[in-house]
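Undergrad: Order-wise, the sequence lines are chains A and B. For the first sequence, the working numbering assigns the number 1 to the initial residue and increments by one for each residue that follows. For the second sequence, the working numbering assigns the number 1001 to the initial residue and increments by one for each residue that follows.
Accuracy of the hints is not assured; some may be wrong.
Some chain A residues well away from chain B (every beta-carbon gap over 12 Å; in silico) [what the hints assert, rightly or not]:
#1 L22
#2 P91
#3 S116
#4 W150
Not the full set, but computed from the structure, chain A residues with beta-carbon under 7 Å of chain B [stated by the list, open to error]:
#5 L12
#6 S49
#7 P78
#8 D141
Quick caveat, the hints were computed from the structure, so don't treat them as lab data. Even glycine gets a Cβ: it sits at the ideal position worked out from N, Cα and C.
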Amino acid sequence: MAVETMNVFFALLTVVAMSLFLVCSGTLVWSRVSVHGQVALDRLRGSISNGGLMLAWSIALTATLGSLYYSEIANYTPCKLCWFQRIAMYPLVIILGVAALSNEHPIRRYVLPVVSIGGAISLYHYLLERFPSWASDGSCDPTAPCTTVWVWQFHFISIPFMALSGFAAIAILLWLMPSGSQGGEA
Amino acid sequence: MSTAAQHRMSKSKKARALEREAQRRRSQRFFAAGAAALVGLLVVAVVLTRPGESSDPSEQLAQTHPVSITGNSLPGLGELDEAVGMPIPEVTGEAFHGVPVSIERNGTPKMIVFLAHWCSHCRAEVPIIQSWIETEGMPEGIEIVSVSTSTDPGQANYPPSSWLESEGWAVPVIADDASSSVAAAFGVNSFPFFAFVDSDGTIHHRTSGELGIDHIERILSELR
Chain A
1 MAVETMNVFF
11 ALLTVVAMSL
21 FLVCSGTLVW
31 SRVSVHGQVA
41 LDRLRGSISN
51 GGLMLAWSIA
61 LTATLGSLYY
71 SEIANYTPCK
81 LCWFQRIAMY
91 PLVIILGVAA
101 LSNEHPIRRY
111 VLPVVSIGGA
121 ISLYHYLLER
131 FPSWASDGSC
141 DPTAPCTTVW
151 VWQFHFISIP
161 FMALSGFAAI
171 AILLWLMPSG
181 SQGGEA
Chain B
1001 MSTAAQHRMS
1011 KSKKARALER
1021 EAQRRRSQRF
1031 FAAGAAALVG
1041 LLVVAVVLTR
1051 PGESSDPSEQ
1061 LAQTHPVSIT
1071 GNSLPGLGEL
1081 DEAVGMPIPE
1091 VTGEAFHGVP
1101 VSIERNGTPK
1111 MIVFLAHWCS
1121 HCRAEVPIIQ
1131 SWIETEGMPE
1141 GIEIVSVSTS
1151 TDPGQANYPP
1161 SSWLESEGWA
1171 VPVIADDASS
1181 SVAAAFGVNS
1191 FPFFAFVDSD
1201 GTIHHRTSGE
1211 LGIDHIERIL
1221 SELR
């Protein structure tokens, strides 16, 4: 399949992940100011308690496969910041996968810090792409500069933004998950 | 064990079995919905990127062209520029459309700009220089030439001809060959890269990274 098609495919998945994040975080904020919001949040938590871990694992798996597609098939050389994001994302496939199988919700205590660090790096990388003058000497290293924009879809989606959406969606799913050892206990 | 206790255990086992069955069904529904959503998005992506009749003439253009270089190559740019005072290599090449463009030791001071299409700093620098040229005109007594180099179809912002055309780039462009021979001959090791050449055909100054117009004008005034 053409790289351009896969770019659009991953960009659409990014829109879905970012929408999930926005809906969940919007409901979280709404719940703080309205009783209806609290009801909506309870309902959302109810659905997340069933499949949230599985969904978070699917997002981590898709992000990992997407990153491997870009480096191994599309031959985009990962830069230093790309590697840092990979370090944060790849282990989540195993950790969230095991947690989803055994329905262990307390995993969020261990996963959320990793996801937050990964998301912060993605955000910085995305801003670096948008404002390349932030890079040290204002020049591009021919090997693998972090300011290179490999993918640009829908006028706002690049690879770090894809990663950021993945981290954000995983984070909000884990944040809203019941804190008990088993689903549905909260 | 009493009959009541056995009955409770049996009920508890049944409840666990029912819960496992419900969880298995939920997982199946989850994977089915996920797979359907992925297939749906893939179909949308295929439809959105369906190849149509190309109307972009730059897609037909060769982005690299053979070049002819005479003279010694310059060393790479380091902390101290050893190339200052050295004669530049002379280059004969072609623009994207095949128009001959050359860099010669012809008595005219020069500013040579090396650009890589994937380099975000080049993408930031090009509109700055273009805007300066549109406002001030080409600097008098100075020849400006650009070299599109380090071209790679697998990298971002390809093809360079489309990029430079979209920026309205008015500076003559030499499309470097696939081995980036012109860049190598000028000791280019990062982008954007500038080589300022005195009227005697020797290097006056080389630098890399984004340059402000004030900086460029100051060096050009030294060349005149």
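Undergrad: Confirm or reject each hint.
TA: Tested hints:
With a least beta-carbon separation of about 18 Å from chain B, A/L22 lies farther than 12 Å from that chain, consistent with its non-interface assignment. Even its closest Cβ contact with chain B, about 22 Å, leaves A/P91 beyond 12 Å, as expected for a residue assigned away from the interface. Distance check for A/S116 against chain B: the nearest CB is about 25 Å away, which clears 12 Å, and the non-interface claim stands. For A/W150, the shortest C-beta to C-beta distance to chain B comes to about 5 Å, within the 12 Å cut-off, and the non-interface label is violated.
Of the supplied interface hints, the one on A/L12 holds, with its beta-carbon coming within about 5 Å of a beta-carbon of chain B, less than 7 Å. At a threshold of 7 Å, the smallest CB-CB gap from A/S49 to chain B is about 11 Å, leaving the interface hint violated. A hinted interface residue such as A/P78 counts as satisfied when its beta carbon comes closer than 7 Å to some beta carbon of chain B; here the least separation is about 13 Å, so the hint is violated. Taking 7 Å as the C-beta cut-off, the interface hint given for A/D141 holds, the closest approach to chain B being about 6 Å.
The structure shown violates the earlier hints numbered 4, 6 and 7.
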